[in-house]
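The two chains are supplied separately, each in an independent frame; assemble them into the complex guided by the hints.
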Amino acid sequence: MKNEMTLAFDSISENEGFARVAVAAFATQLNPTLEEVADIRTAVSEAVTNAIIHGYPDGVHTVVIRAILSEETLELWVTDEGVGMEDVKQAMEPLYTSRPELERSGMGFMFMEAFMDQVEVQSAPGVGTTVYMKKKIGRGAAEQEG
Amino acid sequence: MDMLELKGSRLVVHLPEEVDHHSTEDIRRSVDELVERQPVEEVEFDFSRTAFMDSAGIGMLLGRYKVMRALNGRIMVSHIDRQIRRILSMSGIQKFIQM
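Chains as they are written, first to last, in the numbering used here: chain A, 6 to 151; chain B, 172 to 270.
It is worth saying that the hints were derived from the structure and are not from the lab. Just so you know, even glycine gets a beta-carbon here, dropped at the ideal spot from N, CA and C. Hints should not be assumed to be uniformly reliable.
So, partial list: chain A residues that the calculated Cβ filter (under 8 Å) puts toward chain B [what the hints assert, rightly or not]:
#, residue
1, L12
2, E19
3, T47
4, E51
5, T54
6, P62
7, G64
8, T67
9, R71
10, E106
11, S110
12, M112
13, G113
Derived Cβ-Cβ restraints for the label pairs, each shown as a range [unchecked claim]:
#, chain 1, residue 1, chain 2, residue 2, range
14, B, Q209, A, I73, 49 to 55 Å
15, A, P105, B, K266, 25 to 31 Å
16, B, N243, A, T38, 42 to 48 Å
17, A, A13, B, E213, 32 to 38 Å
18, B, E212, A, R104, 27 to 33 Å
19, B, R200, A, H66, 39 to 45 Å
20, A, Q95, B, R200, 25 to 31 Å
21, A, D15, B, N243, 38 to 44 Å
22, A, K94, B, G179, 47 to 53 Å
23, A, T38, B, E176, 34 to 40 Å
24, B, N243, A, G131, 45 to 51 Å
Isolated chain B (complex conformation) (with noise of 0.2 Å):
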C-alpha cells in the first residue's frame, strides 16, 4: 500500500509500523509536497500498521500541525493503539489535533 493516499480534499497517511527519527524524515517530505501541490483540507494520520513511535513523531505531527495551519487546513490521527495514545498524550499534542 502506498504511504499517500488522497481521497478528495482529505489526504490519508498511512504510517509505518515504526514511527521514528529515520522514518518520519521521508513522511514529512512526502506530506507537503503534495499538499503544496494539491487542495488538501484534512491530513489524516492512519497508525494501523505503527506499533511504535518516539518523540520524532511528535515533532512530524506538530510540523504538520503548522503547515496545514498556514493552509486554513487541519490534521487528525486515526487507529492509535495504548503505546501511541499514551505517546501523544504525554507530548500534549491533542490540544492540535483531533483523535
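Extracted from the complex, chain A is given alone in its bound form (with noise of 0.2 Å):
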C-alpha cells in the first residue's frame, strides 16, 4: 500500500501544531508506537519552525509538506520557497544558531536526526529550502531491530 498527501499552510507560528498533529494523524495508518507518534510530532515541529523563521523572516509565504506512507515506511518533505541557506551543513550543525536573538538552542536538526532514521536538506540561497526526512514506523521498525 501506498498512500501520499500533500499539505500546505500559511507560515505563521499557530500552524507548527496543526502540522504536526496533522502528519502525526496521517501516519496512524501505520499503527505507530506512541513514541514513534512523538518521534514524528517533534521532528515535523523542528522542520517546519525552521521555515517559518529562518525559511521565511519576513512575511507570510507557504510551507508545502509531502508525505508517503509505503511499506512500513514514512517519508517527508518538508519546503519552503524563502530566502535558503548557503552552508547547510553549518545550519545542521548542533548549537548553532543564525538567530541567537530569539533564544533558538540551536538544537532543531539534533532532534530531527534523533527521531528519524534519516534527514537530508537541500538548500540554496533565494530558491528555498527542503528537508526531507524517513522512518521506518510500526512493524518495520521493529524488525529493523531485529
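Spelled out as C-alpha cells, the structure:
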C-alpha cells in the first residue's frame, strides 16, 4: 500500500501545532507506537518552525509538507521557497543558530536526526529549502531492530 | 488558571499543553517582565499540563536560566512526563537545571 498527501499552509507560528498533528494523524495508518508518534511530531515541529522562522523571516508565505506512507515507512518533505542557506553543513551543526536573538537553542536538526532514521537538507540561497526525512515505523521498525 | 503564580520568592510557571516556538514567545515575555519587577529567587517550570515540547522549549528554558543566573537565582522543572524527560535529557540542559 502506498498513500500520499500534501499539505500547504501559511508560515505563521499558529500552524506549527496544526502541521505536527496533521502528519502524526496521517502516519497512524502504519500503527506507530506512542513513542514513534512523539518522534514524528517533534521532527515535523522542528522542520516547520525552521521554515517559518529562517525560511521566511519576512511576511507570510507558504510551507508545503509532502508525506508518503509505503510499506512500513514514512517519508516527509518539508519545503519553503524562502531565503535558503549558503552553508547547510553549518546550519545542521549542533547548537549553531543564525538567530540567537530569538533564543533558538540550535538543537532543531539534532532532534530531527535523533528522532528520524534519515534527514537530508537541500537548500540554495534565494530558492528555498527542503528537509527530507524518513522513518521506519510500526512493524517495520521492530523488524529492523531484529 | 493563570500561567504565572508567585509564591513568596518562588515563581511557578504553569506551562501550556504545547511548548513550541508559538507558545514560548509569550512565556518568555511574561516571565522576564515579572522577575524584573519582583524579587524572585527561583522559577519553577511546571509541566503538569504539558504533553509536547520541542527545541524551542529548550531555548526558552536556557534563556530563563541565563536571566535568573544574572539575578543570582535559579530555575527548576517539575511534573515532567517521559516525552518531556527525553527531550530535556537529549538537550543536556539538566546540567543547569534541577529536575
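Right, here's what the structure says about each hint:
no.	hint	result
1	L12	17 Å, violated
2	E19	6 Å, holds
3	T47	5 Å, holds
4	E51	6 Å, holds
5	T54	5 Å, holds
6	P62	13 Å, violated
7	G64	17 Å, violated
8	T67	18 Å, violated
9	R71	21 Å, violated
10	E106	11 Å, violated
11	S110	4 Å, holds
12	M112	4 Å, holds
13	G113	5 Å, holds
14	B:Q209 - A:I73: 49 to 55 Å	52 Å, holds
15	A:P105 - B:K266: 25 to 31 Å	19 Å, violated
16	B:N243 - A:T38: 42 to 48 Å	44 Å, holds
17	A:A13 - B:E213: 32 to 38 Å	45 Å, violated
18	B:E212 - A:R104: 27 to 33 Å	31 Å, holds
19	B:R200 - A:H66: 39 to 45 Å	25 Å, violated
20	A:Q95 - B:R200: 25 to 31 Å	30 Å, holds
21	A:D15 - B:N243: 38 to 44 Å	43 Å, holds
22	A:K94 - B:G179: 47 to 53 Å	49 Å, holds
23	A:T38 - B:E176: 34 to 40 Å	35 Å, holds
24	B:N243 - A:G131: 45 to 51 Å	47 Å, holds
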